[in-house]
Amino acid sequence: MTTLITEATLPAAEAPAPGGRLRLVLSRLTAAKGVLVGGTIVLLLFLLAFGGPFITHWDYATPDYSALRQPPSGTHWFGTNGLGQDVFAQTVRGLQKSLIIGLLVALFSTVVASLVGACAGYFGGWIDRGLTFLVDLLLVFPSFLIITIISPKLKGAGWIAFVVLLAAFNWMITARVIRSMTRSLREREFVRAAQFMGVHPLRIIVRHILPNVASFLITDATVAVGGAVMSETALSYFGFGVRAPDVSLGTLLAAGTDQAPVFPWLFYFAAGLLVLFVLAINLIGDGLRDALDPTTEAARPARTSRSSK
Amino acid sequence: MITDLIESRDLLEVKELAVDFGAAPAVRGVDLRLKRGETLGIVGESGSGKSVTALAVLGLLPGSASVRGSVRLEGRELVGLPNRELAKIRGNKIAMVFQDPLSAFTPVYRIGDQIVEALRIHQSLDRAAARKRAAELLDLVGIPEPERALDNFPHEFSGGMRQRAMIAMAIANDPDILLADEPTTALDVTIQAQVLDVLRKAQRETGAALVLVSHDLGVIAGMADRVAVMYAGRVVETAGVDELFARPRHPYTLGLIGAVPRLDTGGGPLVPIPGNPAALGDLPPGCPFAARCPLVQDRCRTAEPPLAGTDGHLAACVRADELAERRPAPSEVYPVPTVPPPAVSVPREEREQVLRVTGLTKTFPVLKGTVFKRRVGDVYAVDGVELDIRHGETLGLVGESGSGKSTTLFELLRLGRPESGRIELLGQDTAGLDRAGAHKLRADIQIVFQDPMASLDPRLPIGDVIAEPLLAQHAPRELIARRVPELLRQVGLEPAHAERYPHQFSGGQRQRISIARALAVQPRLLVLDEPVSALDVSVQAGVLNLLQQLKAELGLAYLFVSHDLSVIRHLSDRVSVMYLGRTVESGSVEAVFEQPRHPYTRALLSAVPLPDPPAERARTRVLLAGDPPSPTERQTGCRFRTRCQVYAALDADRRGRCEQQAPPLAQAAPGRDHAAACHYPEA
Amino acid sequence: MIRYLAKRFGYYAALLLVAVFLAYALSASALGPRSYFEAKQPRPSAASVDRQLTALNLNDHTPVVERFGTWAKDLVLHGDLGRTIHDTSVNDDFGRRVWVSLRLLLIGSVLGMVLGVAGGAWSAVRQYKISDRALTLFSFVLLSTPVFLLALLLKNGAIAAKDATGQEVIPFTGYETPGLAGGIGAHLADWSLHLLLPTLSLALGGLALYSRYQRGTMLDVLGSDYLRTAEAKGLTRNQALIKHGLRTAIIPMSTMFAYSFLGIFTGAAFTETIFGWHGMGEWFIQAINEQDVNSVVAVNLFAAVVVLASGFLADVLTAALDPRVRT
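Residue numbers (the numbering used here), protein chains in the order written: chain A, 144 to 452; chain B, 5 to 687; chain C, 1192 to 1518.
To be clear, the hints were calculated from the coordinates, so they are not data collected in a lab.
DSS-like mimics (lysine-lysine), calculated; alpha carbons at most 27 Å apart, straight line: (1) A:K298 / C:K1231; (2) A:K176 / C:K1320; (3) B:K205 / B:K92; (4) B:K205 / B:K136; (5) B:K39 / B:K92; (6) C:K1434 / B:K92; (7) C:K1434 / C:K1320; (8) B:K136 / C:K1434; (9) B:K39 / B:K205; (10) A:K296 / C:K1231.
If we strip away everything but chain A, and leave its shape as in the complex, we get (with noise of 0.2 Å):
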């Protein structure tokens, strides 16, 4: 009896629905309550920042001198303070601000880390030893030391060189954790052998190895946009950061502490929104971290491998 040599015709093992991973990604982050909740209020957090300006004919930094610090009513939602300024209009305008620096403070950082971790990982030898010992140096200090002391040379640039400067100061932990995992794809086989191919280092870092860290690009860019909201209210908090007339929720935090305990709308509406929006994105990225970790693949590797290494 002969016959071809061909498994072709047997279905595959798993479910062979193209785009699986996909799906399976998308299921797991549907079946994660955390994601959704998570989602759904940083959604309207966006919406309500971006948005809110349009639904609230105050301005936020016109005072309305008929009302100095009157409690949230009809006319002032969130109330006014002390020179009569709108705070809701004010608190929208700040979450916007802190918004925008988050986003993007987490995007440049990420992009920083990713590089430098990966040509630290993949090229080894000195490239290595350089850039390790410039993310030690730069763990040397706490960041907000650097920022504080930078940052009055900086009032003239405004807010964008506050975010390169958080940016700058952001990268060094997830630098360190790519470069590990970069590391260790490289001696992966499926590395070596486009190594063998002459595939071109770039192309390679490009190609497979930035690929295969991306589930933890993501996760860590989202919880970076939490961590970047708050270092900016701390610094902010400080006037280290966001000056007037610029507002965002952490000269806002700062404005409303002394009075808080007699006149809490000046204080509580702004810290409310903090806390629920970095919750928020700390709920998506422990879903993001479950739905993307591929060790928790439904599909464990059997116990007997039959490897003799």
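On the provided structure of chain A, position chains B and C as indicated by the hints.
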């Protein structure tokens, strides 16, 4: 002896054991009985439920598992017993030896402390007495300097030593039953032989019954009294070991026996079992093997046959009686592919030389320091390798872990100037290549890796995976579009699968994809690095047949690296044996396997278990002592002499030569294709 | 093991050296002590400003490297950190404030770590049960609250309590009641009460962070082969978990501790300012606003030493806990 066994009561009786993980079954009704002192082998492929069965006996499955059925130890029911009661039995009445001893020892405690702990859980011993006993146990399993070994951490032991220590810990409380779950799977073949020997000794000393779980028919054939074959969560056949191997009554068992390449027979196609092991998640009604079975009948698809039979030989097949009567050979039942005649038929000497390696060395520095590394020593990973491959032939490269096989391959594939020695690929000296020349030459040498999971980028559809070497060689787009479906067909996959991702394929299919990728640029030499060692036996046979077929059709040359001598024997024309970075023997397959000249080759060959119980029992074994020495010290003289049985038997005068001179690779006779690096070779 | 630690120590020393120089250069060039003097009323002459700046080793007409050399020489030879912009000794301020900060930092971080490890391990063992979910939610809320906000909320709570009861139930300013009479016992009680809120605002964040992380490492360990071996030997599940599981699962925590110390240090600076503790953090913010270069550098030095010390401590801890890294 047989009458004794029949008289004694069953020590362990497993009935209708079933294990589910959530909705997915893992074990679906297993019956086993074990008598005092006997060895029961459980054999099966990955996912057959053999390990889960062993763990279920001790109640060691994770909380997500639900266990039904009955496990009785001397009549006492264990299923459903509270944890506290089970803990008194574990390690005391029933002890376990796990597969991977590195992860099975707690990394942060010393070996001695872990054995002492095992002793003191069940016996009232003071620390000093327990420690003394632990040292005795280590001595029993053959660990040198047991007193000192007690203070070692698990990571400081070699794999073989750890598995010995694991066995010592298991027999610490003189158990009635030893459960060994793939105890030698992660070990080299010579170390496997040592550990199996220790296991036999442990069994002798304690009189314990042994349940040996393994995927390796050879190991089972040499160790077991009775065998149970598992498939898809059930026992499909059970019998005494001789009976089972000689007269299998289940087509699956028959197929397994036919699929294993054997050391004692030559080439020819293997008998592959079509398809992949059944996925337990969604089993169709009826016999789970029906989809792969060549003897399938309509009734097989309606009801699952029970395990039935006479005189202790049971099989779960409706046609068991037929098989028992006819006793067909595997190839009479399973479709066997024909391998076309080789494309190259000229004699070896007249064929073109594809690869020639002489005196290759490679050392790695041992570095210390974080920022400024300094070199504190060298690892002599490769230290004198000779290879010779001609057009259309397969050279098998054999060696155990640490022998420098992989380093040799990477040196070849680097296409650069070797540290010393000479590499000639298709007549070109790689030392003289410029960048463009090397890039061009890359198309002529391609590699297939061991692990089909790791060698394909999980983020790329397989069409892109296969196209990658073509892209790297700047092939035109139309050519790529034409080649990819062609290649998929060539390795037995469907062109329509190009869009799918690697994780949607089984292990065997992924290895076929790897082969397709390697063939994309039409190489002259294919380097195969343990291409089938991660696959199940039944799937492995299919891939090996494919490789033979491709070689014959395309006139390829293979450099086939493997630790598995049976596979090498099956596939190769010539073979080269490495030990500690050196080629110690090379020659035609027949010459080396029939008349090995180097003592290491002899030990290696005798360590390979045969899937044939009478033959396995009749063999005399050459057991190598200890582990290979560390490659960080470069010894004068012969590197093998620390473990060499020939050296050990020499008088002092003749030993001197082994100690002072490194033996060169010398031909047995002029013009004969058989060379060995030994001062005192066999004939 | 000693070799390994010596190696790490050397690396940290090198890092410290480079880092301190960079901090000096950065502070000296970014801050403007000249403008501080020029802003005085009546405005002093340029020559007098120059003289004062030179006396304090702050003159920006001297190259930074030279100023650093002078500063470093004094530090190495005399242990002198220089003069503040008010011409007082930096060492005096440093000596007074360092214990205030360390008290807060040490108690806050150790408390956070112990509670976090215990909570995380407990949570992992009870995965997906109500208690695990409750702790998880609690940690998430805490992780989403910046330290300064947490401190402010605690302080507002204390103020509210004071307003409601008419007396200060929990103190929220300073680290002791000024002019308190009584023996050592009374002082200790007073200190602990003052420590409560600032420590809590640091420790709660740590608790949340560490418990999440410990839960993860513990879950990894729960599926490990060696835990199964321990049970196969005859240990009960709980014995195996504590002796073999927890022991291994805390190893990665030591590295985590080193990383998170940066955040805790920053948090402490905020906490000090908010609760009116005269520690290093408050000093730093004040010094920045006064263009007081030497004080800023002193705080940076302190931060670098504390961070590297915690890194070294983490290495020691890892080496002590994990035999595999001892080479």
